[in-house]
Amino acid sequence: MNHCNSKYGVFPDDIMVQIFARLPVKSLFRTKCVCKLWYKLISERYFTRLYNEVSVKNPMVLVEANESLSESRSSLILVDNMRGVSEFLLDFIKDRVRVRASCNGLLCCSSIPDKGVYYVCNPMTRQYKLLPRSRERPITRFHPDGEATLVGLACNLLTGKYNVVLAGHHRSFGHRPERTFICLIFDSESNKWRKSVSLQDDHFTHMNRNQVVFINGALHWLTASCSCVLVLNLDSDIWRKMSLPDEVNSGSGSRIYLLESDGRLSVIQISEVWMNIFMMEDYDKEEWHMVDRVSLRCIRGMVPGIFPISKTGEYVFLATHKQVLVYQRNSRVWKEMYSVKNNATLPLWFSAHSFRSTIFSCQ
Amino acid sequence: MSSPEEKTLILKSSDNEEFLVKESVAVQCITIKNLVEDGCDLDAIPLLNVDSKNLAWIIEFMEKYADSTSTDAEKKDFDTEFVKKPFNDVLGLILAANYLNFPALMDVMCDACANEMKLWSVEQVREKFHIQNDYTEEEEKAVRAENFWAFE
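Listed in order, the protein sequences are those of chains C and Y. In terms of numbering that gives the first Met the number 0, the first sequence is residues 0 to 362. In terms of numbering that gives the first Met the number 0, the second sequence is residues 0 to 151.
By construction, these hints were calculated from the structure, which means they are not laboratory data. Please read these numbers as outputs of a predicted model, since none were measured by experiment. For every residue, glycine included, the Cβ atom is placed at its ideal position computed from N, Cα and C. Each hint can be trusted.
Derived pair list, reagent style DSSO-like, types lysine-lysine, alpha-carbon separation capped at 27 Å: (1) 56/C with 75/Y; (2) 334/C with 75/Y; (3) 39/C with 56/C; (4) 56/C with 83/Y; (5) 25/C with 117/Y; (6) 140/Y with 128/C; (7) 140/Y with 93/C; (8) 25/C with 127/Y; (9) 334/C with 74/Y; (10) 52/Y with 6/Y; (11) 56/C with 74/Y; (12) 127/Y with 39/C; (13) 25/C with 75/Y; (14) 56/C with 117/Y; (15) 84/Y with 25/C; (16) 25/C with 140/Y; (17) 83/Y with 25/C; (18) 63/Y with 56/C; (19) 35/C with 140/Y.
Reference excerpt, derived from the structure (chain Y facing chain C, CB under 7 Å, subset only): (20) 112; (21) 113; (22) 121.
Model the full assembly from the supplied sequences, consistent with the hints where possible.
If you want it as structure tokens, here you go:
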């Protein structure tokens with residue numbers, strides 16, 4: 000018998016997993032060393048789902064904060080509304096990498112020295128996978144780092160499977176962009192890439208970086224022309240468009256951002272003095288509702304350089320050049336969560352991603 | 000102010016102490032809710048697995064959570080004070096909340112338990128939960144090595 004006859008007899012397994020599900024990741028993995036039964040309970044697929052369901056409800060912001068451009072290690076700062084600021088290294092990937100996408104606890108990273116090399120990793124459990132090379136030559140556009148225009152990561156919490164999407168135009172050197180839009184999709188179940196090709200559409204040519212939302216089995220990107228949401232259904236590999244809130248289309252001089260909020264699509268519109276928050280309450284009917292209108296008077300000076308990164312129904316995380324702020328909707332209070340100590344050359348918002356800590360496996 | 004139809008239940012602990020609780024408050028425990036809905040017409044509802052010490056605490060918690068005038072912030076403050084109990088009592092309340100199927104209490108107590116647990120070493124966890132280590136020395140070494148980063 001594992002447990003001696005204490006006042007409580009054996010603490011049932013189903014209660015123990017409820018407690019394990021609330022431990023931070025490091026503590027959870029240490030708990031595997033307590034006894035063989037607990038190792039087994041924690042390693043079960045059922046428990047991974049339970050744990051992730053609990054942990055995924057706490058969105059955070061992840062920024063790449065390198066001390067200087069020549070710094071060789073990839074250092075990640077994680078800002079958590081409940082637990083504050085912590086630092087992580089991606090040194091378990093023996094390569095210099097840049098984070099390209101984040102979804103349900105996994106990150107998709109591209110190699111800085113090796114173009115076309117991609118990894119998927121879980122920074123909490125330090126597990127990573129080098130993705131097989133897709134046979135396509137790297138997709139290029141007029142882009143600072145010359146890599147795929149669109150990167151998306153879709154992690155399905157129910158099935159434990161994930162997809163990586165790379166999409167963009169082929170452009171031969173010295174030529175105008177070709178009409179074809181290539182979409183490469185990596186499937187963790189088959190460990191293979193598949194390719195789909197479609198004809199060029201105006202809206203495919205510009206995309207917002209870092210803001211892609213995975214919900215309802217589809218990846219959603221906001222086009223930089225901000226006229227619609229581009230949706231890729233991963234079951235059918237079919238692209239379609241979704242309209243933005245009516246109020247957003249008519250506004251001028253404001254910036255639009257697409258985020259996930261508690262499993263739903265959310266759009267944030269920032270003008271000089273207002274931050275309007277929209278939620279898509281009904282996904283099938285594509286109906287948007289404005290749920291909040293926040294005055295930006297008290298942070299007026301920061302408005303031109305402020306970008307929303309992550310949100311829930313209760314709060315919004317935003318990044319500026321040097322800070323990460325959180326806005327609490329109930330109390331209508333702004334708080335600084337993190338600020339860069341030195342003069343970093345790259346603004347924080349440039350590399351900021353929404354992140355949730357889970358124990359999603361990338362193998 | 001309770002309406003004329005507001006029903007009061009008698010909850011009886013395992014050590015035969017009786018507690019009066021409004022039905023609307025008590026049904027936060029799904030086990031009690033089911034009994035009431037199934038038309039239980041006993042004078043007192045016997046809770047065989049809950050002693051008076053735990054039942055008194057549970058009723059205190061139930062009444063706070065059923066109070067519509069208390070704000071989220073007030074509930075959080077209440078929770079913070081409520082969980083300041085010896086660890087064995089925390090475990091006892093978890094068992095009782097599980098038996099009574101009281102989700103709100105289960106959440107708060109499991110969170111409290113996890114918050115204490117996360118600070119402990121593996122040996123301390125074994126001691127507090129009365130767990131026998133069934134790993135051999137080599138096996139334990141291997142598991143620790145596998146998860147070395149969790150010990151840093």
